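Counting in this note's numbering, the sequence shown runs from 8 upward without gaps.
Just so you know, the hints here were simulated from the structure itself, not pulled from any lab data. Please read these numbers as outputs of a predicted model, since none were measured by experiment. From the three backbone atoms N, C-alpha and C, an ideal C-beta is built for every residue, glycine too. It is possible that part of the hints are untrue.
Pairs of lysine to any residue residues, derived as SDA-like cross-links and limited to a Cα-Cα distance of at most 20 Å, are as follows [what the hints assert, rightly or not]: (1) Lys70 / Gly48; (2) Lys49 / Thr107; (3) Lys49 / Ser124; (4) Lys70 / Asn36; (5) Lys49 / Gly15; (6) Lys49 / Gly21; (7) Lys70 / Leu53; (8) Lys70 / Thr107; (9) Lys70 / Gly22; (10) Lys49 / Ser27; (11) Lys49 / Val123; (12) Lys70 / Gln117; (13) Lys70 / Gln45; (14) Lys49 / Gly22; (15) Lys49 / Val98; (16) Lys70 / Arg51; (17) Lys70 / Phe85; (18) Lys70 / Thr122; (19) Lys70 / Thr29; (20) Lys49 / Ser108; (21) Lys49 / Phe85; (22) Lys70 / Arg35.
Computed spacing ranges between beta-carbons, pair by pair [unchecked claim]: (23) Arg19 / Ser108: 15 to 25 Å; (24) Glu92 / Arg62: 23 to 33 Å; (25) Arg35 / Ser125: 36 to 46 Å; (26) Ser13 / Asn36: 12 to 22 Å; (27) Gly14 / Ile67: 17 to 27 Å.
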Amino acid sequence: VQLQASGGGSVRAGGSLRLSCTVSGTARNDYVMAWYHQAPGKQRELVASINNGGRTSYGISVKGRFTISRDNDRNMVFLQMDSLEPEDTAVYYCNARLATSFIGTGHWGQGTLVTVSS
Numbered sequence: 008v009q010l011q012a013s014g015g016g017s018v019r020a021g022g023s024l025r026l027s028c029t030v031s032g033t034a035r036n037d038y039v040m041a042w043y044h045q046a047p048g049k050q051r052e053l054v055a056s057i058n059n060g061g062r063t064s065y066g067i068s069v070k071g072r073f074t075i076s077r078d079n080d081r082n083m084v085f086l087q088m089d090s091l092e093p094e095d096t097a098v099y100y101c102n103a104r105l106a107t108s109f110i111g112t113g114h115w116g117q118g119t120l121v122t123v124s125s
């Protein structure tokens, strides 16, 4: 199973970015999909997740600003990031895990860098 993330870049505070992640190498489309971020010198943190039924969950720091969505037909997951803040600067990773697996396990993409300047 391979995950390919894209869409990172540099933006000013208040701006928006949309991340995409494509899952390949599997016929399954029932993974719980998630986005994590890791800022320099900090641990990787869960940003948002979505199950195959569309139920979503968000970290407290991004709730109301970020929106996770998925396209099961294309096996893709997206993260729409609005009202970006400098504190959102991090490498963003997409993750796919089985619903029966622990959070933080499963398959990972290579990461895409998001830089937010003030």
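Taking only the CA atoms, is the gap from Lys70 to Arg35 under or equal to 20 Å?
violated (28 Å)
Against the 20 Å threshold, does the CA-CA distance of Lys70 and Asn36 hold or violate the hint?
violated (25 Å)
Tell me if the straight-line CA distance from Lys70 to Thr29 falls inside 20 Å.
violated (23 Å)
Does the alpha-carbon distance linking Lys49 and Ser27 stay inside the 20 Å limit?
Violated: Lys49 and Ser27 sit about 23 Å apart, past 20 Å.
Under the criterion that the straight-line Cα-Cα distance not exceed 20 Å, is the pair Lys70, Gly22 satisfied?
holds (16 Å)
Could one say that the CB atoms of Gly14 and Ile67 fall in the range 17 to 27 Å?
holds (23 Å)
Can the restraint linking Lys70 and Thr107 be considered satisfied, given a maximum Cα separation of 20 Å?
violated (25 Å)
Given hint Val123 paired with Lys49 - CA-CA distance at most 20 Å
Measuring from Cα to Cα gives roughly 17 Å; hence the hint holds.
That 36 to 46 Å hint for Arg35 and Ser125 (C-beta), does it hold up?
Roughly 41 Å apart at Cβ, these two residues keep to the hinted range, so it holds.
Do Arg19 and Ser108 keep their Cβ atoms within the hinted range of 15 to 25 Å?
Given range 15 to 25 Å: violated, Cβ gap about 38 Å.
Holds or violated: Lys70 and Arg51, Cα atoms, limit 20 Å.
holds (17 Å)
If you draw a straight line from the CA of Lys70 to the CA of Phe85, is it 20 Å or shorter?
Holds, because 15 Å separates the two Cα atoms, which is no more than 20 Å.
The structure shown violates the earlier hints numbered 1, 2, 4, 6, 8, 10, 12, 14, 19, 20, 21, 22 and 23.
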